[in-house]
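Just add 398 to the spot in the sequence shown (first one is 1) and you have my numbering.
It should be emphasised that the hints constitute simulated quantities derived from the structure, not laboratory data. All values derive from a computational prediction rather than experimental measurement. Cβ coordinates follow ideal geometry from the N, Cα and C atoms, glycine included. Please note: incorrect hints may appear among the correct ones.
Claimed, not checked - The following label-pair restraints were derived from C-beta to C-beta distances:
no., residue 1, residue 2, range
1, A470, D436, 46 to 52 Å
2, A438, Q414, 56 to 62 Å
3, M431, V453, 31 to 37 Å
4, D436, V457, 30 to 36 Å
5, V453, A480, 49 to 55 Å
6, A455, A489, 33 to 39 Å
7, V457, M434, 33 to 39 Å
8, V459, A484, 46 to 52 Å
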Amino acid sequence: MLAKVNFLQQQQQQQQQQQQQQQQQVVGVVLLMMMMSDSAADAVVNAAAAEDAAVAAAVVVAAAAAAAIDAAAAVTAAATAAATAAATAAATAAATV
């Protein structure tokens, strides 16, 4: 009878140990999943920040392109004004001769 009681106690202890191990494994898996979720969320935040930086860089490039176009237009206007002045001077000189 005592041997049977000891055997049943050992079985119960083994079952409890197995249950504890399973619970620890479940907790470990849940923690791992939570950490992975945090990492994924961080990756999304970092991607959004990179996208924001790319948009800001594109705005700077567009502003630089607009400034270059404005400068080219100013140079063209100055060249046109100089050509007009030269033509006017030539016409005036020809008329006075």
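Outcome of the hint check:
1. A470 <-> D436: 46 to 52 Å: Holds - the Cβ-Cβ distance for A470 and D436, about 51 Å, lies within 46 to 52 Å.
2. A438 <-> Q414: 56 to 62 Å: Distance hint for A438, Q414 is violated at roughly 36 Å.
3. M431 <-> V453: 31 to 37 Å: Holds: the Cβ-Cβ distance is about 33 Å, inside 31 to 37 Å.
4. D436 <-> V457: 30 to 36 Å: holds (32 Å)
5. V453 <-> A480: 49 to 55 Å: Violated, at about 41 Å.
6. A455 <-> A489: 33 to 39 Å: violated (51 Å)
7. V457 <-> M434: 33 to 39 Å: holds (35 Å)
8. V459 <-> A484: 46 to 52 Å: At 37 Å between Cβs, range violated.
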